[in-house]
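Student: So the protein sequences, as listed, match chains A and B. Take the first sequence: its position 163, counted from the start at 1, is 163 in my numbering, and no numbers get skipped. Take the second sequence: its position 132, counted from the start at 1, is 132 in my numbering, and no numbers get skipped.
Treat the hints as calculated values from the structure; they're not laboratory data. All values reported here derive from a predicted model rather than from experimental measurement. We put the beta carbon where it would ideally sit given N, CA and C, even for glycine. You may find that some hints are simply not true.
[Said to hold, decoys possible] To list a few chain A residues with every Cβ distance to chain B over 12 angstroms, as calculated:
| id | residue |
| --- | --- |
| 1 | Glu17 |
| 2 | Gly48 |
| 3 | Asp56 |
| 4 | Leu63 |
| 5 | Glu64 |
| 6 | Gly124 |
| 7 | Gly161 |
| 8 | Arg170 |
| 9 | Asp212 |
[Stated by the list, open to error] Below, a sample of chain A positions facing chain B; criterion: calculated Cβ distance under 7 angstroms:
| id | residue |
| --- | --- |
| 10 | Leu159 |
| 11 | Asn160 |
| 12 | Gly164 |
| 13 | Gly165 |
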Amino acid sequence: MIVADPKPFLQVKGYVEDFEKVLVVGCGTCTTVCLSGGEAEVQILASGLRIAFGKDGRPKTILEDCVQRQCDVEFVLPILSRVESEGIDAVVSLACGVGVNFLADRLGKTPIFPGLDTTFYGAGMQPGLWAEMCAGCGSCIIACTGGICPVARCSKHLLNGPCGGSEKGRCEVDPANIECVWQLIYDRLKRLGRLDDLRNLLPAKDWSTAADGGVRRTIREQLYDIK
Amino acid sequence: MSDKSVIKSGSNLERALSSGHFAVTCECGPPKGADVEYLEKKIGLIRGCVDAANVTDNQTAVVRMSSIAASSILVKNGVEPVMQMVTRDRNRIAAQSDIFGAYALGIRNMLCLTGDHQSFGNHPMAKNVFDLDSIQLLDVVRTIRDRGAVNSGDPVQGGIRMFLGAAANPFADPFEFRVIRLAKKIDAGADFIQTQCIYDMKRFREFMKMACDMGLDRHCYILAGLTPLKSAGMAAYMNKNVSGITIPDDIIKRIRGVPGADQAEEGINLLLDQIQEVREIPGISGVHIMAIEWEEKVREITERAGLLPRPQL
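So that you can see chain A by itself, here it is in the shape it has in the complex (with noise of 0.2 angstroms):
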């Protein structure tokens, strides 16, 4: 899943200040359950928008709803109607950043401001614990590494063992917080009995099908070519 993490309330009270009728919208996929833009994150959103704006003697009107997915255009369609017919200022969107681009794409002439800052593809861990786990690289090399990705999890995207900074299992960037990858992907491989993996060299990454090679698309064919 896509995890977003909300911003500083200040920061997209400041988006709005010049907006009369604001809409805000949550996802309830990736950010519903990563609890950053979710129903309730949008009613709570919404709710400090009314009360800060009321407190500063200049009250807002401020909507909500709330769509299954930001980011397909059956289900954004309901929100582009609704701005044209409720006459809406400015639209917030709590969906990660595809969520607001997709939508702002398709806002004509209504700003649309992110109340979220996109962070990682990750995993929960437990509750109330995300991690990154993909990097979306587009050639997913972890066939060699025993699933456990170097590229998102190692703080210097090494692919050929662990630097110096390994110590007792932690990443010398931030040993509190992050594990060294190499030594989970040393643990496992170890349990899978298949250390002599580590043993070959891992060739410089063609990257080109990363984010360096461009802006990214991916085309169906069976789909693409009845459209």
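Once you've looked at the hints, dock chain B against the given chain A.
Tutor: The following block gives chain B in isolation, referenced to the frame of chain A:
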């Protein structure tokens, strides 16, 4: 895998090692600016004491004069540089271009490193690169040198000769992997290795035994890294804060056991003992003395260790 019997660049360091001399290298950190006088003063302190001096590349991710420019100044001033290059700040396009430039400026040794993460330096907000890791950088330079091709396969105009080094840290984890990583560096083209600074001699002996059992010392020259301790405070600080360095209690006790004013001298005495110790370890071909911002001690250290004069080759 590197073949010791083939001369790679004919650098002074390579000639010292290949002719069987116990080699000596040290560090010469560039200034945090364009202060050439400062650099030349440091060069003066080490001239004649070492076979080559490592010129660090924005070490600890603090911005300094580029290692290529500083290495070139060493060449002009009669000290052979080991140009360090980190992959943190340059992708393979910049790295290869810089290597051509370095060779054109007379640089014949380089040390391939990944580099400290920028979060340790003075620009933690910087974007890092890490297009390559240190092992891949070795492979890329070796390919330019031995096959005359850049990473994409395109031919190189005019050859380069470079004596290729890498670092090894026997003290980081997982311990059993450290020697495998050393082997990978040698596979990728390392002709010489300089280790992280050694204090835990027992663990280092164990590491070297594993390396020699794998025959790695036959393919590569290994220089033992040593850093003199200036004070008990420095020892305690390094032990606590520098990842991958452990300083055994008896060493901290030895330094602490003398009055503050004499601790630096005791640090030098300890270093001299360590030099003698590593000389006896099978597979060790030299020492890399990292007297961090203490270059004025390099002459005294090498003199007292009986390492002077350096061979004229």
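Student: Indicate, hint by hint, whether the structure satisfies it.
Tutor: We went through each hint and held it up to the structure:
1. Glu17: Fine: 27 angstroms to the nearest Cβ keeps Glu17 (chain A) off the interface.
2. Gly48: Nearest chain B Cβ is 29 angstroms from Gly48 (chain A), so the label holds.
3. Asp56: holds, 32 angstroms
4. Leu63: The claim stands: Leu63 (chain A) keeps its Cβ more than 12 angstroms from every Cβ of chain B (closest is about 37 angstroms).
5. Glu64: Correct as stated: the minimum Cβ-Cβ distance to chain B is 35 angstroms, above 12 angstroms.
6. Gly124: The claim holds: Gly124 (chain A) sits with its nearest Cβ about 26 angstroms from chain B, beyond 12 angstroms.
7. Gly161: Since the minimum Cβ distance to chain B is about 5 angstroms, Gly161 (chain A) lies within 12 angstroms and the statement is violated.
8. Arg170: Per Cβ check, Arg170 (chain A) is inside 12 angstroms of chain B; nearest 9 angstroms; violated.
9. Asp212: Since the minimum Cβ distance to chain B is about 8 angstroms, Asp212 (chain A) lies within 12 angstroms and the statement is violated.
10. Leu159: holds, 6 angstroms
11. Asn160: With Cβ-Cβ at 4 angstroms, under 7 angstroms, it holds.
12. Gly164: holds, 3 angstroms
13. Gly165: holds, 4 angstroms
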